[in-house]
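Letter by letter, the sequence shown follows residues 1 to 242 of my numbering.
In case anyone wonders, no lab produced these hints; they're calculated from the structure.
Please note that the accuracy of each hint is not assured.
As the list claims (entries may be wrong) - Under the rule of at most 20 angstroms between Cα atoms (straight-line distance), these lysine-lysine pairs were calculated in the PhoX-like manner:
(1) K176 <-> K120
(2) K17 <-> K38
(3) K120 <-> K132
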Amino acid sequence: MSRGSNSAPNYNDLLKKTEHYDKDERYMAISDLCEALKRNAAHANSENNNNAAASSSTPQIDSQTERRICSAVLSLLDDSSNDVQTVAVKTLGVLLMTVQEEQVNEIADRICGLMLDPSKSALRDVYAIGLKTLVETVPDSMGNAVSHHLIGRLIDGVHTNSNTSPSSSPSSGDDKNSEEIVLACLNVLTDLLTRFGSSSNSITMQHEPLLNVSLLQLGSPRPIVRKRAGTTISVLATVMSD
Numbered sequence: 001m002s003r004g005s006n007s008a009p010n011y012n013d014l015l016k017k018t019e020h021y022d023k024d025e026r027y028m029a030i031s032d033l034c035e036a037l038k039r040n041a042a043h044a045n046s047e048n049n050n051n052a053a054a055s056s057s058t059p060q061i062d063s064q065t066e067r068r069i070c071s072a073v074l075s076l077l078d079d080s081s082n083d084v085q086t087v088a089v090k091t092l093g094v095l096l097m098t099v100q101e102e103q104v105n106e107i108a109d110r111i112c113g114l115m116l117d118p119s120k121s122a123l124r125d126v127y128a129i130g131l132k133t134l135v136e137t138v139p140d141s142m143g144n145a146v147s148h149h150l151i152g153r154l155i156d157g158v159h160t161n162s163n164t165s166p167s168s169s170p171s172s173g174d175d176k177n178s179e180e181i182v183l184a185c186l187n188v189l190t191d192l193l194t195r196f197g198s199s200s201n202s203i204t205m206q207h208e209p210l211l212n213v214s215l216l217q218l219g220s221p222r223p224i225v226r227k228r229a230g231t232t233i234s235v236l237a238t239v240m241s242d
């Protein structure tokens with residue numbers, strides 16, 4: 001049940017309900033949790049602006065609860081309900097504005113691993129959106145740390161799943177799965193370059209392997225892969241060292 005906007009949320013209650021067997025209960029729980037986190041984010045911003053009146057109405061989330069919230073939201077990315085998954089991804093965008101760098105890195109590692117997992121093809125789009133949300137939302141101060149956690153794994157994801165044989169086509173399930181992983185990795189790499197390509201040492205150190213693996217995709221038999229690789233290369237060219 002939704003609370004009034006001035007009531008302090010009971011995070012323990014909401015976290016328990018995210019594990020409920022009824023998908024409607026899980027949906028309401030993650031929706032209420034998302035709204036509570038929005039209020040917490042607004043409270044954090046008001047504190048930064050020295051707004052004492054706002055800071056008195058919303059308690060700070062302690063580090064233990066913060067970790068539990070992160071775990072719950074990540075778990076719901078793999079929920080059986082598409083509606084729950086969608087709100088979980090939305091919640092990540094809010095959560096990333098307030099949690100500590102340790103939790104942000106944990107979220108980045110977890111979503112990236114899920115996106116690269118060949119057995120998770122049915123939910124790959126959800127994970128890719130979650131990772132895209134993370135890259136677009138995370139504070140600038142955490143950009144290098146997030147880049148460090150993602151850049152190497154994404155490059156490896158492209159390299160491991162590449163198919164550049166002219167006679168090949170994604171006719172089998174495995175080939176299609178590999179193509180989806182390559183496309184997802186190139187998409188997130190492009191976002192990472194766009195957001196942090198000029199400021200992250202972690203990305204700078206990977207310019208050459210990133211260029212090489214992207215150039216390799218220009219030999220793919222699939223036009224969509226070639227197009228996605230071209231986009232990644234064009235963004236890389238704007239930030240790459242001479």
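| Are the Cα positions of K120 and K132 separated by 20 angstroms at most? | holds (17 angstroms)
| Taken at face value, is the distance from the CA of K38 to the CA of K17 at most 20 angstroms? | holds (19 angstroms)
| If you draw a straight line from the CA of K176 to the CA of K120, is it 20 angstroms or shorter? | holds (13 angstroms)
The structure fails none of the hints (numbered hints given earlier).
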